[in-house]
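Participant: Below are the chains, spelled out letter by letter.
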Amino acid sequence: MNDFWIITTASLVALNTAILGSFLIMRKMAMIGDAISHAVLPGIVIAYFISNSRASFPILVGAAVSGLVVTALIQFFSKKVKLQNDASIGISYTFLFAIGIILISAFGTNVDLDQECVLYGEIAYVPIDLIYWGNQSIGPRQFWILFSTAIIIVTAVIIGFRKLVLTTFDESFAAALGINIVFWQYYLMASVSLTTVVSFESVGAVLVIAFISGPPATAFLITRSFKQMIMYAIGFGISASILGYYTAVWLNGSIAGAMAAVIGLQFALVFSIVKFRQRSRIQDIPVSGA
Amino acid sequence: MEAQDSSIETHDLTVIYNKKPAIWNIDFLLPKGKIIGIMGPNGSGKSTLLKAIMGITEPNIGYSKIFNKPLDEVRDRVSYVPQRQSVDWDFPASVYDVVAMGRFAKLGLLKRLTEEDKHIIKDSLEKVKMAPFANRQISQLSGGQQQRVFLARAIAQRADLYLMDEPFVGVDASTEEAIINLLKSLRDEGKTLVVVHHDLHTAQHYFEWLVMMNTRLVASGPAEEVFNEQVLTDTYGGTLTTLSKVANLLQEKSFPMRHK
Ligand SMILES: Nc1ncnc2c1ncn2[C@@H]1O[C@H](COP(=O)(O)OP(=O)(O)OP(=O)(O)O)[C@@H](O)[C@H]1O
Ligand SMILES: [Mg+2]
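Protein sequence lines correspond, in order, to chains Y and D.
If you count by the numbering used here, then the first sequence holds residues 31 to 320, one letter each, in order.
If you count by the numbering used here, then the second sequence holds residues 1027 to 1286, one letter each, in order.
Everything labelled a hint here was simulated from the structure, so no lab data went into it.
Among the hints, a few may not be true.
Unchecked claim - Pairs of lysine-lysine residues, derived as BS3-like cross-links and limited to a Cα-Cα distance of at most 30 Å, are as follows: (1) D/K1046 to Y/K109; (2) D/K1046 to Y/K58; (3) Y/K305 to Y/K257; (4) Y/K109 to D/K1091; (5) Y/K257 to D/K1148.
To be verified - Some chain D residues judged to face chain Y by a derived CB distance under 10 Å, without partners named: (6) K1077; (7) D1098; (8) P1118; (9) A1131.
Quick reminder that beta carbons are idealized off the backbone N, C-alpha and C, glycines included.
Whenever a hint applies, use it, and build me the whole structure from the sequences.
Facilitator: In C-alpha cells:
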C-alpha cells in the first residue's frame, strides 16, 4: 500500500506541474519554481511569528502569500521597469529570500525554524501521515491535499485554456483583442504558487523544480500542438514517478533523487533520438553527382 | 475631412518610456477605405503609435478614437498584426491553430469553433495561399510564410480596419506583390489598411495616404502632397546620404498615383 500512495502522490505532483510547466516553458519562465522555493521564506517566517507555531497550515498560507508577492514583483520588474523575464525573476526571489534571512537573524536566533520544515518535504514519509474518517484511515493527508489541488488546477486551466494559450503565444495580439493580459498572468501565477507550495511540502523543492521544467521540456521536443505537449508532459511525469520509485526501491536509494534522475534521463533519451532522426533524415537526401 | 468620416483620430497622443518620448503629441485624422502608410526611421515610434492606438500601450497623454468611437466600442471591427518577430515561432502550433486565433474574440470561454468559424479560417488561408500548409507546424515556416499566416489570422477577424506592423519585412518580391494585391482587394471591399513600411521607393506606389513621423508627426496627407523634399528631410534627417537618396526619389516623382 505504501508503494501505491507514494506513486500516486508523486503522480499528482507530476500532473499539476506538467500542465503549468508547459505554459511556463513557453513563457520562458520555467525558473519560477526555483524562485518560489526561495521566495516563500519570509512568508514562512512571518507566519511562524504570527501563529507562534510550526503547524503546517499557517506556514502553508504564509508560503502561498509570498508566492503571490514574488509573482507581483516579477510582474512589476518585467512590465513597469521593463527588465527581461529571467532578470526579473532573479531579482525578485533573491530580494524576498534576503528579507527572510534578515527576519530570521533579527528575531529568530532562538527560533527553531528554517526553510527545511516546508521545503524539504520527504516523499518517503507520505504514507505515515494519515487522515482518519471516524477511526478508519482514508489515506495520506498529502494525497488529499494534492488531489484537491489537482481538481482546482485542472478546472482552472480548462476554463482559461484558450486565453492562457493566446496570451502565452502572442501577448500583443491578445491585448489588441481586449484580453486582460495582466489578469491571465496572475491567474497562471496564482495556480503556480498554489501548486509549488503544496507540492514542496509533500515531495520537496528539488523534485518540484525537476517536475516543473523536465517533463514539459521533453514533451516540447516531440510535440505538434500545445495540447499534445501537455499530454506528453503528463505522461513523462507520471512514468518518471513510477520508474523513479521502483529504481529507488531497487537501489535502496532516495526516492526523490531517483525520480529526478529519471526525468533527466527521459530528456537525454528523447533529445538523442530526435537529433539522431534529424541526422539520418539529412543523410537520406540524395546527393546528385556524387 | 471631418472626424465622423475618419478611420482613426488621435489627439496629442504621447507615449514616454524611461523619461524619453517614443511618440510625442501625435495629432491626425486618417481617412476610411484607403491604404495608408506610416513611415519613419528606426526607433521613430511607428510600432509604439500602433500599440497606443490599439490600447496595448497606455498613452501617457492624449487619446485616440476609431470610427469616431472609443476603441472598446469598436474593438471587433479592428485587427492588429504585430511585427512578425514579436512572437516565438517555435511555439507548438499548426498554421491552422494560429489562424483560428483570429476567431477567438467572438468565442465564449468554453465554446467551440462553429462551422462558420471553420469556413472563415479556411477561406482566410486560401486568400493568402497557405491552405496547403494548414497542418504544417509554424516552426517549419519560412519568414514569408509566417507573415502570410499573420495576415490570414487578421483576415479571419473580418475587421473593417487593419493595423499592420511591417508586413513586408523579410519577404521576397513575389510574396510582397501577393500581399500588396491582397491589401488592395481588401481596400476595394471598403476596408481601411494602415501599414508600417520602410521602403521609400515602393511607398510611392503602395499608399494613397502617408503619415510621416519621427517621434513627432512630420506630415499626414495624400501621398502625392506629402512626398516632397521638405517632408522627407524632416523625417529622415539631413545627412548627406539620405539627402541624396531623397533627391533621387524626387526625380522619379513621375510615380503613378490613383486619383478618384
Ligand atoms: N517596451 C519598450 N520599453 C522601452 N522603450 C521602448 C519600448 N518600446 C519602444 N521603446 C523605445 O521607443 C522608441 C520607439 O520605438 P518603436 O519600436 O515604436 O520604433 P519603430 O519606429 O517601430 O522602430 P523600427 O523601425 O525599428 O521598428 C525607441 O527609442 C525604442 O527604444
Ligand atoms: Mg517597429
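Participant: All hints are to be evaluated individually against the structure, with a verdict given for each.
Facilitator: Okay, the hints, checked on the actual structure:
For the proposed pair D/K1046 and Y/K109, the alpha carbon gap of about 17 Å is at most 30 Å, so the pair holds. A hinted pair counts as satisfied when its Cα atoms are at most 30 Å apart, and D/K1046 with Y/K58 qualifies at roughly 28 Å. Distance hint between Y/K305 and Y/K257 is fulfilled; the C-alpha atoms sit about 23 Å from each other, no more than 30 Å. Among the hinted pairs, Y/K109 with D/K1091 is consistent with the structure: their alpha-carbon atoms are about 25 Å apart, no more than 30 Å.
Distance check on the hinted pair: Y/K257 and D/K1148 sit about 21 Å apart at the alpha-carbon level, within 30 Å; holds. Taking 10 Å as the C-beta cut-off, the interface hint given for D/K1077 holds, the closest approach to chain Y being about 7 Å. A least Cβ separation of about 7 Å between D/D1098 and chain Y falls short of the 10 Å threshold, and the interface hint therefore holds. For D/P1118, the shortest C-beta to C-beta distance to chain Y is roughly 5 Å, which falls under 10 Å, so the interface hint holds.
Interface hint status for D/A1131: upheld, as the beta-carbon distance to the closest one in chain Y is roughly 4 Å, under 10 Å.
When the structure is compared with the earlier hints, no violation turns up for any of them.
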